[in-house]
Amino acid sequence: DMKVTQMPRYLIKRMGENVLLECGQDMSHETMYWYRQDPGLGLQLIYISYDVDSNSEGDIPKGYRVSRKKREHFSLILDSAKTNQTSVYFCASSLGTTNTEVFFGKGTRLTVV
Amino acid sequence: GEQVEQLPSILRVQEGSSASINCSYEDSASNYFPWYKQEPGENPKLIIDIRSNMERKQIQELIVLLDKKAKRFSLHITDTQPGDSAMYFCAAIRGSSGNKLIFGIGTLLSVKP
Chain A
1 DMKVTQMPRY
11 LIKRMGENVL
21 LECGQDMSHE
31 TMYWYRQDPG
41 LGLQLIYISY
51 DVDSNSEGDI
61 PKGYRVSRKK
71 REHFSLILDS
81 AKTNQTSVYF
91 CASSLGTTNT
101 EVFFGKGTRL
111 TVV
Chain B
114 GEQVEQLPSI
124 LRVQEGSSAS
134 INCSYEDSAS
144 NYFPWYKQEP
154 GENPKLIIDI
164 RSNMERKQIQ
174 ELIVLLDKKA
184 KRFSLHITDT
194 QPGDSAMYFC
204 AAIRGSSGNK
214 LIFGIGTLLS
224 VKP
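The listed protein sequences correspond, in order, to chains A and B. Using our numbering, read the first sequence as starting at 1 and increasing by one per residue. Using our numbering, read the second sequence as starting at 114 and increasing by one per residue.
The set of hints was computed from the structure by calculation and includes no laboratory data. C-beta: ideal position from N, C-alpha, C; glycine also. Any given hint could be a false lead.
Unchecked claim - Examples of chain B residues lying across from chain A (beta carbon under 10 Å, computed):
(1) Glu168
(2) Ile206
(3) Lys225
(4) Pro226
Unchecked claim - Derived list of chain B stretches under chain A, where covered just means 3 residues or more per stretch with a C-beta under 8 Å from a C-beta of chain A:
(5) 129 to 141
(6) 214 to 221
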């Protein structure tokens, strides 16, 4: 069963705390993504990873960093979370970067208080 | 970078009528245009896509049109049903900086019985 798995699904953190969002996929996809979804803004690309240790900034990378040490795992890290990082975060993966379906995880709802 | 504009942001139609969502893009090198449907609390799922070598594609009640000259593409849902009520996102590949999939802000479709 092809799947993108995100953990945790819900998370509440205090401002200034570090946050780790984890994502895994079982499809051996090369490319993985982190998006955030906010009302009225759609899905905004934070980072894209083309393979292990091959990461590139998306449109809104500030305040985030990523780690991809294994092809099947892609982590999003918030060092010192801010309240404006409250959002729903989606991880996704695809076989390549062109003409190929992108599969999304179920999302992580992060609240920073 | 590539922006994808999507209109309208909210669309209300009567059951059985057609619904149309329009998107435009900037990067003439874009060659892949997927459409995603997202139900409340769920992840976005691919419903139909079109590649730049096509002008029209239909899957059951879904029709997508692509006008490369005008850099516009559209989704048409014929004979809408209440189950079509959801958020719909268009997207385009930004080819100029690493083939990143960029989304529009979404259209909330409501089909009234």
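To see whether the hints hold, each was checked on the structure:
| no. | hint | result |
| --- | --- | --- |
| 1 | Glu168 | violated (16 Å) |
| 2 | Ile206 | holds (6 Å) |
| 3 | Lys225 | violated (22 Å) |
| 4 | Pro226 | violated (26 Å) |
| 5 | 129 to 141 | violated (count 0) |
| 6 | 214 to 221 | holds (count 6) |
The earlier numbered hints that this structure contradicts are 1, 3, 4, 5.
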